[in-house]
Each structure stands twice: as C-alpha cells, then as structure tokens.
Amino acid sequence: MTRLGRRAVLAGLAAAALPRPALPRPALAQGARGRVVVVGGGFGGATAARVLHRAGLAVTLVEPAETYWACPFSNEVIAGLRPMSAQAFGYDALRASGVTLARTSAEAIDGAARRVRLADGTALDYDRLILSPGIALRFDALPGYDAAAAEVMPHAWKAGAQTELLARQLAALPEGGTVVLSVPGNPYRCPPGPYERASLIAHYLKTRKPRAKLIVLDAKDTFSKQKLFQQAWAALYPGILDYVPLAAGGQVTSVDATAMTVATDFETYKADLACIIPPQRAAPIASAAGVADRSGWCPIDPVTFESRLVPGIHVVGDAAIAGAMPKSAFAANAQGKVCAEAVIDLLAGRAPEAPKLINTCYSLVAPGYGISVAGVYHPANGVLADVEGAGGTSPVDAPETVRRQEAVYAEDWYRTITAAVFG
Amino acid sequence: MRASLLLVLLATTPAAASPPGASSCSGCHGAPGGAVPSLAGHSADDIAASLAAFRSGARPATVMNRIAKGFSDDESQAIAAWIAGGGQ
Ligand SMILES: Cc1cc2nc3c(=O)[nH]c(=O)nc-3n(C[C@H](O)[C@H](O)[C@H](O)COP(=O)(O)OP(=O)(O)OC[C@H]3O[C@@H](n4cnc5c(N)ncnc54)[C@H](O)[C@@H]3O)c2cc1C
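Quick note, the sequences are listed as chains X and U, same order.
Residue numbers are given in the UniProt record's numbering: position 418 of the first sequence equals residue 418, and the series is strictly consecutive.
Residue numbers are given in the UniProt record's numbering: position 80 of the second sequence equals residue 80, and the series is strictly consecutive.
Just so you know, not all the hints are guaranteed correct.
Stretch by stretch, here's where chain U covers chain X in the computed footprint (C-beta under 8 Å, at least three residues) [to be verified]:
(1) 320-334
(2) 406-412
Anything over 12 Å on all C-beta distances counts as not near chain X; from chain U, calculated [unchecked claim]:
(3) Asp46
(4) Ala52
(5) Ala53
(6) Arg59
Here are some chain U residues the structure puts well away from chain X; computed CB gaps all over 10 Å [what the hints assert, rightly or not]:
(7) Ala40
(8) Gly41
(9) His42
(10) Asp45
(11) Ala49
(12) Ser50
(13) Ser56
(14) Gly57
(15) Ala58
Worth flagging that the hints you see were computed from the coordinates, not collected in a lab.
The beta carbon of each residue, even a glycine, is placed where N, CA and C say it ideally should be.
Modelling step: build the complete structure from the supplied sequences, incorporating the hints.
Here is the structure:
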C-alpha cells in the first residue's frame, strides 16, 4: 500500500470507527509530554490552540487583549464602507470550548529551560511552544516616523485605534486635499493590502471628495496582483490615483509629521493626510525568545514550523519566514493547523509528513469588484516553495460577473475564517 | 494485521494527521449557507470528482482551478476521504 493510500484508509477508518465527537481523550493529553503553550491569539495562534485542544492536548493560549481587531476588511472601514464593529472578535467561544487562556503577554522565553515568563509574574513550562505574535512596526527605519508621528500620520497596519484614526482623517479631508500613502519594500504584512487601501481610498475620494487626489509612493516596482490593480485604477480612478513606483522616485526617505510632508530623494510632498506603512519585523517577543534572525523575522523548518534557531519553539503567521507564502490571515490559519498537527506528531514521537498549504487572498478595488491571488506551497530545498503549475491571480480579462463574484467570495471568506478561528 | 496496527495507533495518538493540503480547505469552506459551498455532507467520491474537474478545467471556477492544480490525483483523493470523514 502506498503512503497516500494508507493515509486515505486511515482517514476512512477514523471516519468509520471513531466519529470525531466520540474520540476518547487520549492518554497522551495528560502528563509532562504534552504541555503546549501558544503565544498570540490572532489568526495563527488561536487556530493552533484550537487544533491542539481538539486533539486532547493540554494547551494554554497567551494573549493580553480581550478584543481582537481583525485587519482583513479594515481597509473598507477606512473608506467608510463598513463599521469598525465588524472587525471585533473575542475569546469567549475559545474559552468555552475548553482552551485555557492566560490573559497577559509573554515577556520572555527561555528556550533551554522550556519556560515562558508572563507579564503577570507567573511562568508556564512547555514541551513545545507555538509563537504567532504577528508584527512590530519599525519606528527606527524611516527618519521622522516614530510612535508619536504615527498618531499624526497613521499606519493603520495593526487594526484598532489606528484604523479608526485613519478613517476619521479621511472623512475630515478638505475638498481638493491631497492624500499621500507610503508603501514599504518587501517583506511586510499583507502584500496586496496597501494597494487595496489605495483603491478604496480612491473610491472614497471619487464618490465623496471628487477634487481630492491620492499619491501612492512605493519603495518597489512590482507588487501582488499588480496587473489587476493597475487595470482597475486606469478604469476607475484616472486623475485621482497617482502611482509612483521606486523607479520613478517613489521610495519615501523621511517624513515630517509637524510640517505634514513626505520626502523622497527627488521630491517633498505636502499632504493633508498621510498614511505611512513603515517597514516591519516580527513582534518583540520573537527576538526576546531568540527566534528572530538579523532580518527581524523568524527562520523555520518548512515541515514543522520549528524555529531554525531555538529547538522546541515553533513560529507561524506573519512573524515566520515562510518562503513563498505571503504574510496573510489565510496563511497564518493554514500554518496554525499544519504546525499544530506537527507538534502533535512530535509529542507522540512520530516524524511529521511533509505538508502542503494553500493561500487565497482577496482584495477589493471597489465595492463589488474583487480580485484574488491563490497559491499552493510545499517544502522544497528547506523552504516553503510554490507548487509549480498551481496558483496565480484572477484573469486580467475576466468579465464583470467574475469580479462581482470574487467580491462576494471575499466577504464569505472573512465570515468563514473568523468563525473558524474565533467562533 | 496492518488494520489492527492502525487502530492501535488511532487509539493512542491524539489525532490522525490530515493528508497534505487538507487542513487548508476550511479557510474558505465552512458551514452551509454561505456563498462558498460547504463541503459538509459530500461524499469522498463527490469531492474527488470535483477536484479532478477543477484541475482539468472541465468545471469552471474562480480560485478552485488554480488551487486544484497543486494536487495530484492521489493527493486529491486523500483530501476528499479526510473531509468526507469529518476532518476540518
Ligand atoms: C489592512 C490589512 C488588510 C489585510 N487583509 C487581509 C486579507 O484580506 N486576507 C488575509 O488573509 N490577510 C489580510 N491581512 C493580513 C493579516 O491581518 C495578517 O497576516 C494576520 O493577522 C497574521 O496573523 P498572525 O497570527 O501572524 O498575527 P496577528 O493576527 O497580528 O496576531 C498576533 C497576536 O499576538 C498577540 N501578541 C503579540 N505579542 C504577544 C506577546 N508577547 N504575548 C502574548 N501575545 C502577544 C497580539 O496581541 C495579537 O493578538 C491584512 C492586513 C492588513 C494590515
């Protein structure tokens, strides 16, 4: 019997002999061999905690926030198309399902002692730790852009107060005003996100402030779903959205939040509203744990997501260097599941099999106009690589019905994934 | 012999690992009633046939033909069996 055949039979047997809800709590769940701590209750961490708990393992999820503000669709909030309340999720359902929550943050991780020190003064011992802490905005990378400047020139790249600030600023934009949007070089959270934001801000200007302009300053020349975005911009937002790539001098080199100026090597732009998406790195706990390398991100094994730097710590989601996989909520969720299964295997003394993972990211370029990029990934040469021949973007020549359908699927994806993670 | 070994394995390990790719599906396919079809209640044969049709292009789609191309026939069948068995 082939490996795959055996797996299929295994799945069939599991279905026939042991229907899921009736699965007995396995012996492995008790005892020191099965303690798992998950740090970060976002798309990656909450997912992993759920899978581990469902499998009967003792798992503690460490997350300080009581409300999780989701980034996907937050660009719609900024453009006044959606209430902020549609982005809020809590941990009650996760708690009710039996996952232990530590409502505090992880302050330090001792990888040798396998112990996490928490901000509330307690500590947790683990056999395996999964880290999904998301990103930190780098306030040391762009001259003039620090935490104080972000209160004037929002990044809105972590959803919450920043999202609402940018939405308020856009609503208050003077007639004929200028919006400047600065986009960083790779890698950063949500590769198509800045261009979706540009599109929806342009939509807002077109419908509400027709004499206003949006200048997009980009630190690179190519980007995700580029043809589709640029086709839509030419059709929908001519004279409103001005895109300046790196080659045309688009790289922002400094900002001045007092003067409200954004500078490149070639020009200084005066803005009525400036949204600055700065360079990023893995959240601080990653470097505190020693799992971030000099790039600021975390190298991992593509089969188990175990850190290349500290054994026993696995990293998923935006913080990880996941090769060809983008930093998306879809990817964090897919990685959370694969990593949790690998941890289960490792705790049971089995070698995890090479996984495959999928990503699908939708962007809205206008209400009712959706585009997508999809990919399938597998470990190859030590990294997560694209499966050749799979994936790609929506067709450039697709009819309007397909664009409308993809906008509907985008909304449905959000409903499904947030229900799966937080519901 | 092999079957009883598998049953022992199933009884002593936390969960059957999902076949490659399978756990990603629930990112989009959830409970019935949404725009994206739910996979609940579909037979393994149904799901495998759909994946094959997406892969060949016989069945038109927005993203599923791009995704199905990332899986062989064997992989698709393993995914289909797992989902039909209640995997998520
Ligand atoms: C504008 C925008 C639009 C986007 N749109 C999409 C989209 O359409 N589709 C898509 O797939 N993705 C989208 N994304 C990307 C998506 O939001 C991220 O990829 C995703 O949130 C990553 O999940 P994560 O688990 O890695 O991190 P997060 O979701 O950021 O979760 C990290 C969690 O860890 C917690 N944490 C951090 N440090 C600690 C600590 N020391 N101790 C305890 N807890 C800690 C944080 O409080 C947080 O809750 C978008 C992003 C943006 C900014």
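Tested hints:
| no. | hint | in the structure |
| --- | --- | --- |
| 1 | 320-334 | holds (count 3) |
| 2 | 406-412 | holds (count 5) |
| 3 | Asp46 | 15 Å, holds |
| 4 | Ala52 | 14 Å, holds |
| 5 | Ala53 | 16 Å, holds |
| 6 | Arg59 | 15 Å, holds |
| 7 | Ala40 | 12 Å, holds |
| 8 | Gly41 | 13 Å, holds |
| 9 | His42 | 13 Å, holds |
| 10 | Asp45 | 12 Å, holds |
| 11 | Ala49 | 15 Å, holds |
| 12 | Ser50 | 15 Å, holds |
| 13 | Ser56 | 13 Å, holds |
| 14 | Gly57 | 12 Å, holds |
| 15 | Ala58 | 17 Å, holds |
Comparing the model with each earlier hint shows no violations; every hint is respected.
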